[in-house]
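Residue numbers (the working numbering), protein chains in the order written: chain A, 2 to 300; chain B, 19 to 289.
No lab work stands behind these hints, which were simulated from the structure alone. Fair warning: there could be bad hints in the mix.
Said to hold, decoys possible - Below are the DSS-like pairs computed for lysine-lysine, each with C-alpha atoms no more than 25 Å apart in a straight line:
1. A:K198 x B:K32
2. B:K124 x B:K98
3. A:K289 x B:K124
4. A:K23 x B:K193
5. B:K98 x A:K24
6. A:K194 x B:K124
7. B:K124 x A:K23
8. B:K34 x A:K194
9. A:K198 x B:K215
10. A:K24 x B:K34
11. A:K15 x B:K124
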Amino acid sequence: MTSTQKINQEGINKTELDQLDKKERYTLFGLTVPYLALVFGLIIIPIGWLFYMSFIGRDETLSLENYQRIWNSKAYLRIFKTTFQISLLTTLFCVLLGYPLTYFMSQLSNRWANICMIGVLIPFWTSLLVRTYAWLVLLQKKGLINSLAVDWGLWSEPIKFVHNTSGTLIGMVHIMLPFLILPLYANMRTIDKDCLKAAANLGATPTRAFWTVFFPLSLPGLFAGLLIVFVLCLGFYVTPALLGGGKVIMVAMKISDNIELYYSWGAASALGVVLLGVTMIILFIASKLVSIDQLGNRS
Amino acid sequence: MGIWNSSVSETQIKFKNRLWLYIIAIIILFLLIVPSLVVIPMSFSDSQYLEFPPESYSTRWYENYFYSIDWIQATWTSVKVGVLTIFVATPVGIMAAYGLVNSNTKIRSILFPIMISPMMVPVILVAIGLFYFYVQFNMVNSILGLVLGHSLIAMPLVLIIVLSALSNYDMNQEKVARSLGASRLRAFFEITLPQIKFSVVSASLISFLTSFDEVIISLFVSGGDNSTITRSMFLALRDQIDPTIAAISTILIIISSVFLILTQTFGSPKD
């Protein structure tokens, strides 16, 4: 090691080596250029332009009009409130349902855990539209759930679940659940089981061993999962648009309406910038808590 | 009696005391898998209305689908765009992953967040950004526009999958090949690629599915003769509920399942 360093420093062929080094770096960077060009050309520049548009008022001059409208209008505030409420509730239900299932899977042998994993991956890879459609069929007034519930006497009159908040929530929890389970499961698998054995050995009851040893160790995975669910919910469009039946209006739907119906790029852009800002703040907090790779781990 | 008192965890919990967890987990798994499958019997219903279980069965909705020029054309568009997305997203993603793995940590920590940004930015913003961009270049409703848009969201998945494969791979093997006279390209294709092929296969399958299932970008930038199947489905679901959707959904479930099985079989090493 020292001899190569010496040669490098004293440099019989220092310039050549440096040149090769440089060439190597350029080659490697060159390989990332197509990727970066696509990201810059198709995401960063268009979003930069949206950012600019959000400051253009109706009279084509720079103004804060679009943001003032968001801030002052009750309708817009309600949309943000709905978006946050739905996202929070979806995340909460995903945690309540996802944590026990993932814990269960982490306790199984590899073979059984993989079988359960297929159960999580099938809905994950089934088209979003198919799953939304399935809930539309199941939850409607004459749907399977209502007819079963009435037959069994759970409730006497068919309840309308679709085209309102409850339908939206049910559909979204179903769609988001795998996004919570996958990072959480990856995390739980890495927890050293000997820690639990040690806790039991030292006299902890199973319940205490779970809460004082296992649960804290699973928190990074849980945070990664719930943050990604929350962030995805904030920008969600398809399921609330179909299951909400126009009664549940979330930010993404308003952005789309502003463009498709009113051709109002300024208003849409301002909403987009706010949505992006909130998303980025949450992801920034997330990246401080967990490694960013975990957030994007889809498989 | 044996199974009831057998121990099922490190903390020696007996099976009978754990039964509640088994029951809850099975219920949740049931709720995850079964709801989507309800469209399969629906698709064979004879009725216009969404009754479940159907009173009589027929294949009329499948006929409806296969004889509809619009639906078949939309399906072809989606398949075409999906296949082309594989050919854009996979090579671009692999090249970037290769470049990142061999660069120093500083460059990597700057480039990586930029590269996965398509996954972090809400899709609706990507979609309206693309829509604006395509309007300027007359690319709205074009196959090229769709392929680029879908590649954009598939690339981060390729990147992450290939990156994790390459980080478990010893790059010195390539150096050996090159010191023996192979060019860098040859060393990559003959030494590195065969060893990461499983990840490359799953990355391409996932690229296809990502494109095939994508709704929002398609909604904004496709249309006319190049409308994708997801776009047509979304519009059909929003306007009126046509049971043909159940038939299409069944076909989509079969396609996704086939892809999932392919990924599980060919996308991971056997042993």
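A quick look at each hint next to the structure:
1. A:K198 x B:K32: holds, 15 Å
2. B:K124 x B:K98: Violated. K124 (chain B) to K98 (chain B) sits at ~39 Å, over the 25 Å cutoff.
3. A:K289 x B:K124: holds, 18 Å
4. A:K23 x B:K193: holds, 17 Å
5. B:K98 x A:K24: violated, 38 Å
6. A:K194 x B:K124: violated, 35 Å
7. B:K124 x A:K23: holds, 16 Å
8. B:K34 x A:K194: holds, 21 Å
9. A:K198 x B:K215: violated, 39 Å
10. A:K24 x B:K34: violated, 66 Å
11. A:K15 x B:K124: Given pair K15 (chain A), K124 (chain B) holds - Cα atoms ~24 Å apart, limit 25 Å.
Consistency note: the structure conflicts with the earlier hints numbered 2, 5, 6, 9 and 10.
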